[in-house]
Amino acid sequence: MTQVIQDLSTPDLVAALENNLFAIFTHYAHAKNCEFHSDSNLIRFATGIGFPLFNGVIRAQLPPEEIDTTISKTLEYFSTKQLPMFWWTGPATQPPDLGKYLEAKGFSNVGVLPAMAIDLSTLPSEKSLSTDLAITTVSDQQSLKYWTEVAAIAFEIPDTQWDAFYNLELSLGWESEKFIRFIGYENGLPVATSALYLDGQVAGLYYVGTHPEARKKGFAKAIVLAALHKARSLGYRVATLQASQMGINIYQQIGFQEYFPVTMYLAAG
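Quick note on numbering: our numbering labels position 117 of the sequence shown as 117, and the sequence is numbered without any gaps.
You may find that some hints are simply not true.
Stated by the list, open to error - Keeping only pairs whose Cα atoms sit at most 30 angstroms apart, straight-line, the calculated DSS-like set for lysine-lysine is:
#1 K217 <-> K32
#2 K145 <-> K217
#3 K100 <-> K73
Quick caveat, the hints were computed from the structure, so don't treat them as lab data.
Could you build all of it, start to finish, from the sequences and the hints given here?
Structure representation (structure tokens):
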């Protein structure tokens, strides 16, 4: 049974932070039409959505003699489905230089995201923010529709995939105690999103996005803090995220610290 990580000095903190990333992708195994495979070598998932965030490989720990064949089989699997995908690498990846084997097989290194964490006892007060953002949790079909639309725009998901994204999230529902979505409204219009994934050890922050027309108003910080305060109220002591370049300054202002890099390798499918 997992136990809540109490603070940032915990010896197995890095493993706990990375495990949360594994856990949210594993969560998609419960989604309608998702194909999911897990063994000692890797976790592979394919949701059917034509956007790489929703298809991929995580937690790869490959014996030297199986590296080439495993990569080739993975490429064949996603190519047959005509799905783009990310292969994620981090501290748990074996061998540590797996990236060079991925690139040799045609993967592209498309970016490094700093994995960050914060001690939730140090959170700034939500009252310190002065914004016109009204924040609620997704609790019905309409608010889920708004959430997926704003997230899709913020993450530049092609509009041809919006319905598939919505249907994926709809199949997961909105009553999970582990996966909680937040949506922010400005003058009644949905403009910002975030989500928590609670794995029993740490709280993971995902899908932080703001509609381009509503940026630079403090909304991202507000909806991040709303999620983090919710996590703290549920007994969590540490939160984690993988920061984009657009968001890293906001996270540092809140108090997040960098712990390790997560690298994404793209296969276009």
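**OP:** Compare the distance between the alpha carbons of K145 and K217 with 30 angstroms, and conclude whether the hinted pair is satisfied.
**Re:** holds, 23 angstroms
Original post:
Between K217 and K32, does the CA-CA distance stay at or below 30 angstroms?
Top reply: violated, 36 angstroms
Original post:
Has the given pair, K100 with K73, been kept, meaning a C-alpha gap of at most 30 angstroms?
Top reply: holds, 17 angstroms
The structure is inconsistent with hint 1 alone, although it conforms to all the rest.
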